[in-house]
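Protein chains in written order, with this note's numbering: chain Y, 1 to 169; chain G, 170 to 274.
No lab work stands behind these hints, which were simulated from the structure alone.
One or more of the hints may lead you astray.
[To be verified] A few chain G residues that don't get close to chain Y, going by computed Cβ distances all over 12 Å:
id : residue
1  : Arg-186
2  : Asp-225
3  : Lys-242
4  : Leu-274
[What the hints assert, rightly or not] Here are the simulated SDA-like pairs of lysine to any residue, each with C-alpha atoms no more than 25 Å apart in a straight line:
id : chain 1 : residue 1 : chain 2 : residue 2
5  : G       : Lys-257   : Y       : Arg-120
6  : G       : Lys-257   : Y       : Ser-130
7  : G       : Lys-257   : Y       : Thr-44
8  : G       : Lys-257   : Y       : Gly-26
9  : G       : Lys-257   : Y       : Ala-23
10 : G       : Lys-257   : Y       : Gly-113
11 : G       : Lys-257   : Y       : Arg-42
12 : G       : Lys-257   : Y       : Leu-35
13 : G       : Lys-250   : Y       : Ser-22
14 : G       : Lys-257   : Y       : Asp-38
15 : G       : Lys-257   : Y       : Arg-137
C-beta: ideal position from N, C-alpha, C; glycine also.
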Amino acid sequence: MSGAVPPEDIRLRIRSNPRLLSAVRGLVRGYLDNLGLDAEQRDTVVLAVDEACANAIRHACQGRHDASIDLRLRTDPDAIVIELEDQSLPADAHRLAPRDLTPPSEAEPKPGGLGVQFIRQAFDDVAYHSEPHGGNRLTMRLHHPLDRTLRAQKEDEGDSTHGLAHRER
Amino acid sequence: MALHIEKDETVSGATIRVSGEVDLYSSPELRSAINAAMGRSGSVVAVDLSDVAYMDSSGIATLVEGLRNQQAKESRLVLLKPSNSVMKVLQLSRLDAVFDIRDEL
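Construct the entire structure; sequences and hints are all you get.
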C-alpha cells in the first residue's frame, strides 16, 4: 500500500434542482476527506460550495430546475480549487458583495447575503466572472498544504515545478 | 439525509423536533412548521435542533424569520440544544447571540 492516492479532478454536471444539493455535499465531503482536510475545515468548505450552488440555482438560474450547473473540483500544487459554472444570464454584481459583519441586533437580524459570507469565510480567494450574453463562473481557491504523501507522490512524478496542475492539462 | 419534523403540543405552545439536513430544498418545510406553531398567541415555540446534521443559510434565514415573526404572532421562539453543526453555522453567521438558545425548556 502506498498511502493516500492523489485525488483526480472531478467534473460534475447537475440540474439546477435544490433536491440535488445533498448529493453534491456528499461528493464534496468525500473529495475533501481524501485530501486530508480536518473535519472542521472540510465542513466549512462543504457549506460554502453548497451556498455557491444554491446561489446559482436561485439567482443565475432564477429558480428554474432544468438549467445545468457544472462543478469542478481539482487541486493545484498549492491550492484546492473549486469552480462552478452555469450558462445563465449574469447574476447581479452585488451577488458577491461581502456582508457587513457587524452582529445584528435582535430587532433587525439580517440574514441576506449570508451564503456569500460563508463562501468568503471558507476560501482564500474567490473570483467571479460573467459573460455579457450568459455564463457565470465562480472560482474558489483554498491555499492548503496538501497531504504530505500527496506532495511526495507529485514530486515522484518528475516535474515538481508544474506537478499536478501540469499533468491535468 | 432527508429532513424529518415532529411536532408536540405543549401546555405553553409547541416543540418542533427537527432531524436530518436543512438546506435550500428542505427549509420551506421547516418554515411552514414554525409558522404553523406560532399561530397561537402567547405560545412558546421550541425548535429542537439536537439531531440536525446540517444547516445552510436558508435554514438560518428560516430561523431568523421566526424571530422576526415573534412580535406579530405574540409568540416566543426558542432554539433547543442546537447540534454542533448548527451551532457552528450560527456562529459563522454571528447570529448566535440573537437567538434564545437553551438546553431545556
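Cross-check of the supplied hints:
{"no.": "1", "hint": "Arg-186", "result": "holds, 20 Å"}
{"no.": "2", "hint": "Asp-225", "result": "violated, 5 Å"}
{"no.": "3", "hint": "Lys-242", "result": "holds, 16 Å"}
{"no.": "4", "hint": "Leu-274", "result": "holds, 20 Å"}
{"no.": "5", "hint": "Lys-257(G) x Arg-120(Y)", "result": "holds, 16 Å"}
{"no.": "6", "hint": "Lys-257(G) x Ser-130(Y)", "result": "violated, 32 Å"}
{"no.": "7", "hint": "Lys-257(G) x Thr-44(Y)", "result": "holds, 9 Å"}
{"no.": "8", "hint": "Lys-257(G) x Gly-26(Y)", "result": "holds, 19 Å"}
{"no.": "9", "hint": "Lys-257(G) x Ala-23(Y)", "result": "holds, 21 Å"}
{"no.": "10", "hint": "Lys-257(G) x Gly-113(Y)", "result": "holds, 17 Å"}
{"no.": "11", "hint": "Lys-257(G) x Arg-42(Y)", "result": "holds, 13 Å"}
{"no.": "12", "hint": "Lys-257(G) x Leu-35(Y)", "result": "holds, 22 Å"}
{"no.": "13", "hint": "Lys-250(G) x Ser-22(Y)", "result": "holds, 23 Å"}
{"no.": "14", "hint": "Lys-257(G) x Asp-38(Y)", "result": "holds, 15 Å"}
{"no.": "15", "hint": "Lys-257(G) x Arg-137(Y)", "result": "violated, 28 Å"}
When the structure is compared with the earlier hints, violations turn up for hints 2, 6 and 15 and for no others.
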